[in-house]
Amino acid sequence: TDLADWAQTHDVHCANVRWCIQLRAVYAVYRKRTPQIVHTLSEMLDNIFEPLMEVTEDPDVNRNLHNFLKDVGSFSLMGLELGDLVGTACGPDWDAPENPPYSYYLYHIYCRITRLNIARARRGLPAFMFRPECAKQGRTDSAAAAFLVAHHVQGGQRIHRLPALEYLFYLAQIGICTSNVHLQQKLDASETNAFWGYFRRGLNVATCTLNPMRTHELSDRLTEEALFTAKVGRLNGLDRREVGYNAIRQCAFAGAAFEDVPLGWLL
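Just so it is clear: in the sequence shown, position 136 is 218 by the numbering used here, and no numbers are missing.
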């Protein structure tokens, strides 16, 4: 609600923008700092999603939040992909002091987004996508969970280390969104960016920005990403058009389709 009030106060609405709300996998931090508010993972997630459900059921509860949600297109999850569900006692709720496995986060956030989307669909309101970060460490459990619950993923640098899952991502055409400018600065000399390999193998890959104030030099960060990707990957005009098409497929605009976009935007 504070974010919605800020958006209303500063009038940040734009018909060409859809916000992605990033959630953090920091249950253990909240449980330690505010035990009177957060004692279980469900309590932490309910603090996030219950106000959204209430305003979906009755917009008059908070008009600022209702209007802001019209500009929200997706939710993301960011955190260390630690823990393994195998051998972990994961009941219906997590009340241990440490963080649950990352895949446990993915499932429970997915459940809440799905429940919220069902309620919004009944009222003709736009639905939300779930596009978590995953496969940064190349862990099988979190990548498999993301395949099952995510519309698209951010990052995905090490899915190629899991050939079976990479093939499933290809078959389902689950989008992988990557900031190649950021990766160029982050990866060491012994590791190559997997983006171009994904692209040549037919996966649904597109570019995005990450830490734009620190990693980009141009004021138009997405243009810089596109130019960098085309130059380093030696992409021809048709290749660049396909990457642009993939970005449309992954975008959170309701009813977005390739045919609806002026051709000049992709050339």
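Worth flagging that the hints you see were computed from the coordinates, not collected in a lab.
Heads up, some of the hints might be wrong.
As the list claims (entries may be wrong) - Computed Cβ-Cβ distance ranges for the label pairs, DEER-style:
id, residue 1, residue 2, range
1, Arg296, Arg197, 35 to 41 Å
2, Asp93, Arg197, 27 to 33 Å
3, Gly284, Cys102, 31 to 37 Å
4, Arg204, Asp128, 16 to 22 Å
5, Arg115, Thr91, 23 to 29 Å
The beta-carbon is built from N, C-alpha and C at its ideal position, and this holds for glycine as well.
Now the hints, each set against the structure:
1. For arginine 296 paired with arginine 197, a C-beta distance near 36 Å keeps the hint of 35 to 41 Å intact.
2. Checking the proposed 27 to 33 Å range against aspartate 93 and arginine 197 shows it holds: the Cβ atoms sit about 31 Å from each other.
3. Range check, glycine 284 to cysteine 102: Cβ separation about 25 Å, and the 31 to 37 Å hint is violated.
4. Taking 16 to 22 Å as the suggested C-beta distance range, the pair arginine 204 and aspartate 128 conforms, at roughly 21 Å.
5. Between arginine 115 and threonine 91 the CB atoms are about 27 Å apart, so this pair conforms to the stated range of 23 to 29 Å.
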